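If you want the building blocks of each chain, they are given just below.
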Amino acid sequence: MRSSVIVFPGSNCDRDVAVALEKFHIKNQMVWHNDTNLPKTDLVVLPGGFSYGDYLRTGCIASKSKIIDDVIRHAKKGGLILGICNGFQILIEAGLLPGILLRNIGLRFLSKNVFLKVVNTDNQFCLNYKNKDIIQLPIAHNEGNFFAKKELLKMLEDNNLIAFKYCNKNGEIEENSNPNGSSNNIAGVISEKKNILGMMPHPERLIDPLLSGEDGSILFTSLIKS
Amino acid sequence: MKISATVTLKKDVLDPQGKAVNQTIKNMGFKNVTDVRQGKYFEIEIDEANKEKAKEIIEDICKKLLSNVVIEDYIINYK
Chain F
1 MRSSVIVFPG SNCDRDVAVA LEKFHIKNQM VWHNDTNLPK TDLVVLPGGF SYGDYLRTGC
61 IASKSKIIDD VIRHAKKGGL ILGICNGFQI LIEAGLLPGI LLRNIGLRFL SKNVFLKVVN
121 TDNQFCLNYK NKDIIQLPIA HNEGNFFAKK ELLKMLEDNN LIAFKYCNKN GEIEENSNPN
181 GSSNNIAGVI SEKKNILGMM PHPERLIDPL LSGEDGSILF TSLIKS
Chain B
1 MKISATVTLK KDVLDPQGKA VNQTIKNMGF KNVTDVRQGK YFEIEIDEAN KEKAKEIIED
61 ICKKLLSNVV IEDYIINYK
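Keeping their order, the protein sequence lines are chains F and B.
Residue numbering for the first sequence follows the working numbering, starting at 1 and increasing by one per position.
Residue numbering for the second sequence follows the working numbering, starting at 1 and increasing by one per position.
I should point out that these hints are in silico values taken from the structure, not numbers from a laboratory.
These numbers were taken from a predicted model, which means no experiment stands behind them.
Hints may contain errors.
Calculated lysine-lysine pairs in the DSSO-like style (CA-CA distance at most 30 Å, straight line) [to be verified]: (1) F:K169 / F:K150; (2) F:K150 / B:K64; (3) F:K64 / B:K26; (4) F:K77 / F:K27; (5) F:K23 / B:K64; (6) F:K149 / B:K51; (7) B:K19 / F:K66; (8) F:K150 / B:K19; (9) F:K64 / B:K10; (10) B:K63 / F:K194; (11) F:K77 / F:K112; (12) B:K26 / F:K154; (13) F:K76 / F:K40; (14) F:K76 / B:K63; (15) B:K64 / B:K2; (16) F:K154 / F:K132; (17) B:K51 / F:K150; (18) F:K169 / F:K27; (19) B:K51 / F:K194.
Start from the sequences, fold in the hints, and give me the full structure.
Written out as structure tokens, the structure is:
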């Protein structure tokens, strides 16, 4: 499998995710936002960070980058796209995923580990979570409050397009485990064709016992499972 | 031509920043303020003499960039 990590001015998780991809033998290439064409690739990764200093709206300016046209073409062909944190915000601003990410309800930047329930394991990103669907991953964001109107929430729930929800350690999805005010505790959503995943938590930060856990590894091993 | 645009959150979208500002106003002793919504203001210089054309362009920019139409409204003002 080949991947392309798009680097924007202000990306800061690009190298972390590249290390994670390479650990699982995915052949990765870094791609500058100002390029017009993606190299031959199966997976596009939009990394976390603060692209363009979060000016205007988080992810907004990055979503108008030159490379995004080709990322959209890649999406239309059914190619895989993973957006983590700021990458999720960029996917939404580019119109590749629905909803919007608002400021955290407590107006604080949150940096901590959270429990997640893997709600949908029937997609290329989450296949291997079938055996472990309550996981712990770090979050680190200021705008992670997923907001969607009632009709959209219903559509996401009815069509099983929610990948992750914030929960407690027993996997119960409840208000107290919702760190940022997200509608229905949503932490990650997938596209209708299930080829695009956007998520606020950082799987690339938990891929080694030395980093205190490997729950993130499962996402990368799912990707290479055919 | 100078045109300005104001972008605000739609009524049904939670505005935690506006809420915090509102609370601070209250804490400062301004008792009769009941609500605050925070928005963005843009001043745009455009090289287009035709007012209607300029309006169209700014409208397009507002839709595609300055606002996210899912959660925000925009108003265009002329000087």
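Task: Pair hint F:K150 and B:K19, alpha-carbon separation not exceeding 30 Å - done: holds, 22 Å
Task: Pairwise hint evaluation, F:K112 against F:K77, where the allowed Cα distance is 30 Å at most - done: With a Cα-Cα distance of about 36 Å, the restraint between F:K77 and F:K112 is violated, given a limit of 30 Å.
Task: 30 Å Cα cutoff - pair F:K23, B:K64 - done: violated, 39 Å
Open item on the list: B:K51 and F:K150 were given as a pair; does the straight-line alpha-carbon distance stay at or below 30 Å?
Closed with: Not OK: B:K51 and F:K150 at ~39 Å, beyond 30 Å, violated.
TODO: Take a quick look at whether F:K64 and B:K10 sit within 30 Å of each other, Cα to Cα.
DONE: holds, 23 Å
Open item on the list: Given the hinted pair F:K77 and F:K27, is their Cα-Cα distance within 30 Å?
Closed with: holds, 20 Å
Open item on the list: Hint check: F:K149 vs B:K51, CA-CA at most 30 Å. Holds or violated?
Closed with: violated, 36 Å
Open item on the list: Run the distance test for B:K51 versus F:K194: straight-line Cα separation, threshold 30 Å.
Closed with: violated, 45 Å
TODO: Quickly compare the C-alpha distance for B:K64 and B:K2 to 30 Å and report which way the hint goes.
DONE: holds, 19 Å
Open item on the list: Given the hinted pair F:K169 and F:K150, is their Cα-Cα distance within 30 Å?
Closed with: holds, 27 Å
Open item on the list: Next pair to validate is F:K76 with F:K40; report whether the Cα-Cα distance is within 30 Å.
Closed with: Roughly 15 Å separates the two Cα atoms, so the pair holds.
- [ ] Mind checking the alpha carbons of F:K150 and B:K64 for me, to see if they're no more than 30 Å apart?
- [x] holds, 24 Å
The structure does not agree with the numbered hints 3, 5, 6, 7, 11, 12, 17, 18 and 19 stated previously, though it agrees with the rest.
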